[in-house]
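Numbering (our numbering), first residue to last: 1 to 291.
It is worth saying that the hints were derived from the structure and are not from the lab.
Be aware that a few hints might be false.
[What the hints assert, rightly or not] Here are the simulated DSSO-like pairs of lysine-lysine, each with C-alpha atoms no more than 30 angstroms apart in a straight line:
# : residue 1 : residue 2
1 : 186       : 238
2 : 137       : 186
3 : 260       : 238
4 : 137       : 49
5 : 49        : 238
[Claimed, not checked] Pair by pair, the computed Cβ-Cβ distance ranges are:
#  : residue 1 : residue 2 : range
6  : 221       : 84        : 35 to 41 angstroms
7  : 21        : 220       : 50 to 56 angstroms
8  : 164       : 289       : 33 to 39 angstroms
9  : 285       : 78        : 55 to 61 angstroms
10 : 221       : 161       : 38 to 44 angstroms
11 : 36        : 267       : 48 to 54 angstroms
12 : 222       : 154       : 24 to 30 angstroms
13 : 45        : 248       : 52 to 58 angstroms
14 : 236       : 202       : 49 to 55 angstroms
15 : 65        : 275       : 25 to 31 angstroms
All C-beta atoms in this analysis are idealised placements derived from N, C-alpha and C, irrespective of residue type, glycine included.
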Amino acid sequence: MNDRYGADVLSGDWKAPPRGRSQQIPAERDLVVEEVETGWCGAIVGVEKAGGMRVVHLEDRHGRVRAFPLGPGFLIDGAPVELVPPASPDAGRLAAAREAASRTASGSRAVADAPARVARGSRIFVEGRHDAELVEKVWGADLRVEGVVVEQLDGVDDLRAVIRDFAPTAQRRMGVLVDHLVPGTKEQRIVDDALAIPEAREDVLVLGHPYVDVWQSVRPERLGWEQWPVIPRGTSWKHGILAELGWPHANQADVAQGWKRILGTVRTYADLQPELLGRVEELIDFVTANG
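Start from the sequences, fold in the hints, and give me the full structure.
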């Protein structure tokens with residue numbers, strides 16, 4: 001049925017001015033506005049304090065500049081606006097710094113003043129010292145909150161015996177991170193053999209990354225490369241990498257020093273390859289899950 005009286009004239013924002021309600025707009029440089037009272041139209045070239053108040057400087061198309069009180073009384077494309085101070089670059093940097101400080105190196109939310117938890121029975125095992133140092137640098141804060149200890153295997157050749165000695169249970173889980181775990185490799189055969197024993201049936205998780213060494217899980221851009229170089233067979237991989245970098249590589253002390261320099265380029269999880277990140281996160285979830 002037709003409404004003989006039409007729409008309610010008082011419905012909606014009937015008090016709004018003809019040009020609409022004013023909106024607050026930051027007075028960013030190069031924004032073109034019109035001052036209502038004088039009709040002066042120009043691009044914002046600066047905002048400053050003068051005579052105890054904030055003023056905005058507008059430059060017209062002839063290069064002339066006039067100052068007006070910052071606040072209401074301006075138009076953008078015919079719509080009323082209130083100019084407000086632009087965000088300070090320092091404020092943006094401070095906000096970014098606060099956000100960074102609230103995160104751990106792994107990207108998790110930092111827990112302020114949290115004491116280290118009493119160690120769980122569950123463990124994460126890695127192949128060697130360099131693996132352990134990298135995990136500590138990126139995930140150390142998270143692991144202390146969760147009470148997870150990382151232990152070194154010094155290689156996986158005897159992984160079957162390590163699993164039996166550890167005697168995993170639902171309350172004492174075992175996670176293992178293996179280098180170069182690729183189908184058809186020696187590492188894959190060792191892992192398959194170890195996981196075949198009854199002790200590894202439910203409470204052991206072995207994961208690996210495809211890299212020859214954990215060094216390679218650092219993004220090559222951190223070392224000035226587009227990709228990690230290929231080292232010829234018969235050449236020690238780590239010594240070959242240090243030679244490519246132009247760093248000393250004559251002995252084991254040089255290798256240790258070289259790793260410290262590589263580790264020093266790692267700031268957060270963003271400096272690591274995703275193939276390592278996912279595996280470590282999955283191991284942490286596994287050993288911290290309730291049995």
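Structure-based check of each hint:
Pair hint residue 186 plus residue 238 holds up; C-alpha atoms about 19 angstroms apart against a cutoff of 30 angstroms. Distance hint between residue 137 and residue 186 is fulfilled; the C-alpha atoms sit about 29 angstroms from each other, no more than 30 angstroms. With a C-alpha separation of about 13 angstroms, the suggested pairing of residue 260 with residue 238 holds against the 30 angstroms cut-off. A distance of roughly 46 angstroms separates the Cα atoms of residue 137 and residue 49; the hinted pair therefore is violated under the 30 angstroms criterion.
About 60 angstroms separates the Cα atoms of residue 49 and residue 238, which puts this hinted pair outside 30 angstroms; it is violated. The hinted range of 35 to 41 angstroms is satisfied by residue 221 and residue 84, whose Cβ atoms lie roughly 40 angstroms apart. For the pair residue 21 and residue 220, the supplied restraint of 50 to 56 angstroms holds, since their beta-carbon distance comes to about 54 angstroms. Checked against the hint of 33 to 39 angstroms, the pair residue 164 and residue 289 fails, with Cβ atoms roughly 22 angstroms apart.
Residue 285 and residue 78 have their C-beta atoms about 56 angstroms apart, which keeps the hinted 55 to 61 angstroms range intact. Taken as a hint, the range 38 to 44 angstroms holds for the pair residue 221 and residue 161, whose Cβ atoms sit roughly 40 angstroms apart. Distance hint for residue 36 and residue 267: a CB-CB separation of about 50 angstroms, consistent with the stated range 48 to 54 angstroms. For residue 222 and residue 154, the Cβ-Cβ distance of about 27 angstroms falls inside the hinted range of 24 to 30 angstroms, so the restraint holds.
One distance hint, 52 to 58 angstroms for the beta-carbon pair residue 45 and residue 248, holds here, with the actual separation near 55 angstroms. Roughly 39 angstroms separates the CB atoms of residue 236 and residue 202, a value that falls outside the hinted 49 to 55 angstroms. For residue 65 paired with residue 275, a C-beta distance near 57 angstroms fails the hint of 25 to 31 angstroms.
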